[in-house]
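Given the structure of chain C, go ahead and fit chain Y onto it with the hints provided.
If you want the building blocks of each chain, they are given just below.
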Amino acid sequence: MKRIRKLLRGLAGLGFFVLCWQLATWGNSRTDVPGPWLAIQGVSELAGQGLLWRYVVASLFRVMWGFALAVLVGVPLGLAIGRSRWVRELVNPLVQALRPISPIAWLPIAVLVFGGVRWWEPSDLAAIFLIFLASIFPIITAATSAVEGIDEKYLRVAANFEIGGFAMLFQVILPAALPQILTGLRLALGIAWVVLVAAEMLGVQSGLGFQINDSRNNLRYDLVVAAMLVISLIGICLDAAMARIENSALSRRGTAKR
Amino acid sequence: MSETSKISIRDLSLSFNAKDGSPISILNSINLDVAEGEFICIVGPSGCGKSTLLNIACGFLKPTRGQVLIDGIAVTNPDRRRVFIFQDNSVFPWLTVQQNIGFGLPDPTSKESMATIQRHLEMIGLSGFEHAYPRDLSGGMNQRVEIARALASNPDVLFMDEPLGALDFLTRLKMRADLVDIWRREGKTILFVTHDVEESVQLADRVVVMSQRPAEIQAIVKVDLPRPRNLDDPGYLHIRDEIFHLMGLDHLGRAR
Chain C
34 MKRIRKLLRG
44 LAGLGFFVLC
54 WQLATWGNSR
64 TDVPGPWLAI
74 QGVSELAGQG
84 LLWRYVVASL
94 FRVMWGFALA
104 VLVGVPLGLA
114 IGRSRWVREL
124 VNPLVQALRP
134 ISPIAWLPIA
144 VLVFGGVRWW
154 EPSDLAAIFL
164 IFLASIFPII
174 TAATSAVEGI
184 DEKYLRVAAN
194 FEIGGFAMLF
204 QVILPAALPQ
214 ILTGLRLALG
224 IAWVVLVAAE
234 MLGVQSGLGF
244 QINDSRNNLR
254 YDLVVAAMLV
264 ISLIGICLDA
274 AMARIENSAL
284 SRRGTAKR
Chain Y
149 MSETSKISIR
159 DLSLSFNAKD
169 GSPISILNSI
179 NLDVAEGEFI
189 CIVGPSGCGK
199 STLLNIACGF
209 LKPTRGQVLI
219 DGIAVTNPDR
229 RRVFIFQDNS
239 VFPWLTVQQN
249 IGFGLPDPTS
259 KESMATIQRH
269 LEMIGLSGFE
279 HAYPRDLSGG
289 MNQRVEIARA
299 LASNPDVLFM
309 DEPLGALDFL
319 TRLKMRADLV
329 DIWRREGKTI
339 LFVTHDVEES
349 VQLADRVVVM
359 SQRPAEIQAI
369 VKVDLPRPRN
379 LDDPGYLHIR
389 DEIFHLMGLD
399 HLGRAR
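Order-wise, the sequence lines are chains C and Y. Positions in the first sequence are counted from 1; adding 33 to them yields the numbering used here. Positions in the second sequence are counted from 1; adding 148 to them yields the numbering used here.
Errors might be hidden in some of the hints.
Simulated crosslink set (BS3-like; lysine-lysine; CA at most 27 Å straight-line) [claimed, not checked]:
no. : chain 1 : residue 1 : chain 2 : residue 2
1   : C       : K35       : Y       : K322
2   : Y       : K370      : Y       : K167
3   : C       : K186      : Y       : K322
4   : Y       : K259      : Y       : K167
5   : Y       : K154      : C       : K186
6   : Y       : K322      : Y       : K370
7   : Y       : K167      : Y       : K210
8   : Y       : K370      : C       : K186
Take a look, some chain C residues computed to stay more than 10 Å from chain Y by CB distance [stated by the list, open to error]:
no. : residue
9   : S62
10  : K186
11  : V190
12  : A192
In case anyone wonders, no lab produced these hints; they're calculated from the structure. Glycine included, each C-beta is placed from N, C-alpha and C at the ideal position.
Excised from the complex, chain C in its bound form:
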């Protein structure tokens, strides 16, 4: 009953927005800001062309690579910053200096650096690099604060039983920090997805961001909004997938949120 009420409320909120959208765009053609109906027709047109699936796959491919690399670098780095004073003193000023730079600002540099690459599609590499930059800082921050937040008593128990080094890392530090790290990863994936679209509007020939840019150049604003709808839908799916991974990883360790 509660779930149905929650669902109905959510639908009411969405419905209100769609209604306003419809009223504000009443009578517009597809070269103007399109209404919801034109946008939905646009989605089916894109899907019919087959190009949509290729672009979705291209976008997901870039996000996954950039995000995976950021996890591989960011989690160990964050753990090290949280655990070791000298690593923190060495790396933290650099992290703080790079963090405020929007990943998009790196685009010219990324294109310049990866433009000459022959062994992979250079524009893919540039986009992956931007995703990496967009997601690594929230991951580092989450891992650092997760480690710093570990209750001292757990570290003392480990010390008491003379457990240190890698055993301590895998048996105490990682499991204790895991819930917060996973929350950070979920947040970072959301940011990565947002930044991906911006990155794809600038240097690449495929992907959902490219689709938006391309449609605008053809004055097909219905397809612009159609691509936005697809982006929203995939973003929701990514977040739900992450939430699922988070929950199953935690419940297997007895620490799932209830």
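Frame of chain C, contents of chain Y only:
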């Protein structure tokens, strides 16, 4: 004296500098000898530094002056032969009961370790809860798991920092009785910090009464009563009131 004692605390002091640079003294010249297998309770006003004393004895903190000798060797680091038990339960929430109890064992999945774990599970009355996670257990059950984890690695000394303080009254009474049983069977040397005078008289061979900060040992009261101890026994009440008196309170807890 110290040649025969298990734990020997010698002229132990701890102070640190406050923000304005003035030194704050926490512990002031503590001397205490504990015999092997003895059950010692340390009582004192809250915030007097009795937990700090225990943390130094276990090797978690360094004293400013003096030292703690165990078996004649100065304590410098935590050691698996003497295990600390925390007030606010420190079982690992990401491990099952079984994994928690096996945490201190060198090879927790060996046949021998499994037998040890099983024996301790039975001892704390939690057979059947092997695969439960701590969040599915009550506070009292988790505190038993923590005690079992400590005992499974077979230490000589247990440092217990108000281990029953967070439990409800009935659970606490039951746990006291269980603790005495375990201690009599296993013959561990126990240093037990509590703010509860009744608890100390019920458990200890000797009760160490500490003063306000900077803490000094004010008195050591021998509790020469047979166990299990009857809470209505005149001898018990007499010792209890003597300790209240030493702490500056009458038996109703009013300041004298």
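Of all the hints given earlier, name the ones this structure violates by number, lowest first. Going through the list in order, the structure violates hints 1, 2, 4, 8, 10, 11, 12 and respects the others.
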